[in-house]
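Please construct the entire structure, taking both the sequences and the accompanying hints into account.
The sequence shown finishes on residue 738 if you use my numbering, and the numbering steps up by one all the way, no holes.
Don't take each hint at face value.
Stated by the list, open to error - No more than 30 angstroms apart at the CA atoms, straight line, and that leaves these computed lysine-lysine pairs for DSS-like:
#1 K371 - K381
#2 K576 - K599
#3 K453 - K422
#4 K537 - K599
#5 K488 - K510
#6 K451 - K488
#7 K269 - K594
#8 K491 - K519
#9 K263 - K295
#10 K263 - K599
#11 K453 - K389
#12 K275 - K210
#13 K302 - K558
#14 K407 - K371
#15 K273 - K297
#16 K302 - K275
#17 K407 - K372
#18 K510 - K422
#19 K456 - K491
#20 K407 - K333
#21 K578 - K616
#22 K543 - K453
#23 K491 - K510
#24 K231 - K297
#25 K576 - K541
#26 K491 - K231
#27 K451 - K372
#28 K210 - K295
#29 K422 - K346
#30 K273 - K210
#31 K436 - K453
#32 K263 - K302
#33 K436 - K346
#34 K371 - K297
#35 K491 - K389
#36 K297 - K275
#37 K333 - K381
Derived by calculation from the structure, the hints in this document are not laboratory data.
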Amino acid sequence: MELSTVTTCRGFHHNLTRSKTLSFPSIPSVSTSSSCQRTSAAATTSLVNEPCNDDSQPATTTRRRPKGGAVDAPRRQSKSYISRKAAILEVQQSPHLDSALQRLGGMLKVQDLNIILRNFGEQCRWQDLSQLFDWMQRHNKISASSYSSYIKFMGTSLNPAKALEIYNSIPDESTKTNVFICNSLLRCLVRNTKFDSSMKFFHKMKNNGLTPDAITYSTLLAGCMKIKDGYSKALDLVQELNYNGLQMDSIMYGTLLAVCASNKRCEEAHSYFNQMKDEGHSPNIFHYSSLLNAYSSDGNYKKAEELVQDMKSSGLVPNKVILTTLLKVYVRGGLFEKSRDLLVELDTLGFAKDEMPYCLLMDGLAKNGLLDEARSVFNEMKEKRVKSGGYSYSIMISSFCRGGLFEEAKELAEEFEAKYDKYDVVILNTILCAYCRTGEKESVMRTMRKMDELAISPDYNTFHILIKYFCKEKLYMLAYQTMEDMHRKGHQPMEELCSSLILHLGKIKAHAEAFSVYSMLKTSKRTMSKAFHEDILYILIAGRLLKDAYLVVKGSCRIDLSSCNSEVCKLICEAWSHQFDKSCYEGYSWFWIQDSSGTISDGCVTLHCSTSKEGLAYTIATMDARPRLCCSFLNKKPDPSELTLIWSPAHCSDPVQAAHDVKSLEISV
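Laid out in structure tokens, this is it:
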């Protein structure tokens, strides 16, 4: 039997078993008790001790049950088989794989090499695994099972790029659509959180001739658990598999329940659970825990308790996962007394040997303002020497920071660093936040160096913490450089953070850098407030970056200029005039006339053009990609109704004619 792990939205793992298929190694992304229905009809031949045809053993002679019911005696193994079996063992144990393959590779068959390949993968000997696979490719001793196994192990070793490289290198197009190879690649991508890529390859594989099986859809359904809008994507897959004549089995229902839980679809999860039972599938621990997890999203403890009682009535005994998930339901529902009682029960049953149950209760207490109670649970956990991976420290450090207890947060961060040497981005962000809040510059820099040394990539929260800290320490250019790095890594900053940094950059006269931050936010296509546009406009004008100021005005559909003084308006006009060919209007002075609404938009700008000889001429022009002179009024300021008429594009379609009209009016006066 082969173990398969399906992860719920909260990190709990449920192990399910499925017997191996007969043609190729099983794909461990999903599992099912009804896998016998997914194999070919040839698998139903009555054999005794028949090995799988997935190359898991060297070719041997099996005992076949004759019609009379007697079993033939096993045949004597050939010398060739015994020699190959010894060679397999020698290659597996050899410290020098190259020389071993050079000596023994010639006598080994493809299925023998596949045994060694899987052995290396199961022992996480990634270098030997790749070395052997390369040798098999060079010597043309390779099969579909070889590709399937190698791609699967590349997913396990978190190397999806290599898996894609190998898949794309398969020379035979029909092999590329082998369902077992395709399932291995899809599982590799899903496991490495590349669901979008897995769906693209899935559609490409179908177009090239792949016939998906139940495992294909189960694999993709599992990928829907941790993506945005995963529920709707899961429904599309369910509809497709039904259309293709496949039926939902208990494993698919379990995965679908987990998808509902991760997307907070409690009612839908309850409905699928009942539908599964109506179709004759008996729920197991995994199904109950997934539905229970769905109830935890809104703290629906009444339904959760009913479900646990129903599970007991069906003969199932609540295990660690069930009781821990029930604890989460109680915490989410604010039932802290029941939570404490259940934690005691978990401890009595031996299910509280790690920190997870304590962390659930601590986190709930802290987020409800019960910091002293959370601290008490944390101290209790330490007194009992509960095994911890640092998550409990992360919760308490964050809680102290939220509560303004920065010194306690710093002390706890230092305690963690002295006690543990295992880090991830979450705990490092928490430690970083504690040091930033207390102004421990050396500790901040040390934590950043540690992230680099451990090759832990910063996430959005890392950049957000650092930018706020650098601004607090008046290191504005360093904050700007961090913002640039954040943008390059694909993280989109929020307006509040950008606005704060822009104002600081403006104060130190870093006007170009301020405009760069503005542009970063604008390219993220987030909705920006009017105040944000106005802030950058004043900064750019103060720095005499008039062309950039023009772009801000031009690109914003609503900038309130009613509060702008005449000097600001004149500068904006000057920025606009750089875009306008004034060679025909030598001697004219250009300045701003604001329209009645106090705003600027395309096709809605007025400029005042004066001449020393004949008086005043008010000229209307549009501020679009190609500014055009529209018309002019001599010796009087036009009223809004006239301007509205003149702003119509029909009045300014020919700039040459418009210029001629203005000169004609000047001559007539």
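Query raised in the report: Keeping to a limit of 30 angstroms between CA atoms, is the pair of K371 and K297 held or broken?
Result: Given that 30 angstroms is the threshold and the Cα spacing comes to 28 angstroms, the pair holds.
**Report entry** Given pair status - K453, K543, alpha carbons within 30 angstroms
**Finding:** Violated, at roughly 44 angstroms.
Report task. Take a quick look at whether K297 and K275 sit within 30 angstroms of each other, Cα to Cα. Result -> Status holds; Cα separation ~24 angstroms.
Query - 30 angstroms Cα cutoff - pair K273, K297 - result: With a Cα-Cα distance of about 22 angstroms, the restraint between K273 and K297 holds, given a limit of 30 angstroms.
Requested in this report: Would you check the hint for K576 and K599, treating anything up to 30 angstroms between C-alpha atoms as holding?
Outcome: 20 angstroms, holds
Query raised in the report: Going straight from one Cα to the other, do K263 and K302 come out at no more than 30 angstroms?
Result: Holds, at about 14 angstroms.
Query raised in the report: Does K275 pair with K210 here, judged by a C-alpha cut-off of 30 angstroms?
Result: With a Cα-Cα distance of about 28 angstroms, the restraint between K275 and K210 holds, given a limit of 30 angstroms.
**Report entry** K578 paired with K616 [C-alpha distance capped at 30 angstroms]
**Finding:** With Cα atoms ~17 angstroms apart, K578 and K616 stay inside 30 angstroms; holds.
Requested in this report: Take the C-alpha atoms of K451 and K488, compute the straight-line distance between them, and say whether it is at most 30 angstroms.
Outcome: 12 angstroms, holds
Query - Satisfaction of hint between K372 and K451, Cα-Cα up to 30 angstroms - result: 33 angstroms, violated
Report task. For the pair we were handed, K371 and K381, check the Cα-Cα distance against 30 angstroms. Result -> 16 angstroms, holds
Query raised in the report: Does the structure keep K510 and K422 at a Cα separation of 30 angstroms or less?
Result: 37 angstroms, violated
Checked against the numbered hints given earlier, the structure breaks hints 10, 18, 22, 27, 28, 29 and 33 and satisfies all the rest.
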